[in-house]
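Chemist: Sequence:
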Amino acid sequence: LPYVLEYNKQVNGKKIGELLLPLAGADIYAQTPATQRADRAIATILAMRDRLFSLTKLPRTLRETGKVTEAQLDEVAEKALNDGSIIYNPKEASLKDLREILQKAW
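First residue of the sequence shown: 358, per my numbering; consecutive thereafter.
Among these hints, one or two may not hold up.
Here are the simulated lysine to aspartate or glutamate pairs, DMTMM-like style, with alpha carbons at most 20 Å apart [as the list claims (entries may be wrong)]:
| hint | residue 1 | residue 2 |
| --- | --- | --- |
| 1 | LYS461 | GLU363 |
| 2 | LYS371 | ASP396 |
| 3 | LYS453 | GLU427 |
| 4 | LYS372 | GLU449 |
| 5 | LYS461 | GLU432 |
| 6 | LYS453 | ASP440 |
| 7 | LYS448 | ASP384 |
| 8 | LYS461 | ASP431 |
| 9 | LYS461 | GLU449 |
| 10 | LYS461 | GLU427 |
| 11 | LYS436 | GLU457 |
| 12 | LYS372 | ASP407 |
| 13 | LYS366 | GLU457 |
| 14 | LYS448 | GLU427 |
Because the hints were derived from the structure by calculation, they are not lab data.
All chains should be modelled from the sequences, with the hints used to inform the complete structure.
Modeler: Structure follows, in structure tokens:
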């Protein structure tokens, strides 16, 4: 999820920025200042997602999946917060943080 990358950018920005090289290629990577690489990597992922949608109509958002309603986002956030794998996220997340990420993905 690009929205999770955005959330983690403050603590993991350099690693996220390194994604730009395989995503956009050596020229774009070299032309992008190091301080902007994370943002550019995230923007590239969003552009790829939109391109994939235009070619395949695969859903871009939670809403487009038809699998979850906006009213269920609180429940999804609670389940994510209580999932053991959250300890591996580089930045600690609160229920409010998770809800905001999910809202962006909605």
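Chemist: Take the hints in turn and mark each one as holding or not.
Modeler: Hint check:
A C-alpha spacing of about 11 Å is found between LYS461 and GLU363, which places the hinted pair at or below 20 Å, so the restraint holds. With a C-alpha separation of about 10 Å, the suggested pairing of LYS371 with ASP396 holds against the 20 Å cut-off. Between LYS453 and GLU427 the alpha-carbon distance is near 15 Å, which keeps this suggested pair within the 20 Å criterion. Between LYS372 and GLU449 the alpha-carbon distance is near 17 Å, which keeps this suggested pair within the 20 Å criterion.
Pair hint LYS461 plus GLU432 holds up; C-alpha atoms about 16 Å apart against a cutoff of 20 Å. With a CA separation close to 15 Å, the supplied pair LYS453 and ASP440 stays within the 20 Å bound. For a cut-off of 20 Å, the pair hint linking LYS448 to ASP384 is broken: about 30 Å separates their Cα positions. For the proposed pair LYS461 and ASP431, the alpha carbon gap of about 13 Å is at most 20 Å, so the pair holds.
Using a Cα cut-off of 20 Å, the hinted pair LYS461 and GLU449 holds, with the two alpha carbons roughly 18 Å apart. Between LYS461 and GLU427, the direct Cα distance comes to roughly 11 Å. Compliance with the 20 Å bound is thereby established for this hinted pair. Pair hint LYS436 plus GLU457 holds up; C-alpha atoms about 14 Å apart against a cutoff of 20 Å. The hinted pair formed by LYS372 and ASP407 fails the criterion: a straight-line CA distance of about 23 Å is larger than 20 Å.
For the hint pairing LYS366 with GLU457, the CA-to-CA distance comes to about 15 Å; that is within 20 Å, so the pair holds. This hinted pair does not check out: LYS448 and GLU427 have alpha carbons roughly 25 Å apart, beyond 20 Å.
In summary, the structure is inconsistent with hints 7, 12, 14 from the numbered list given earlier, while agreeing with the others.
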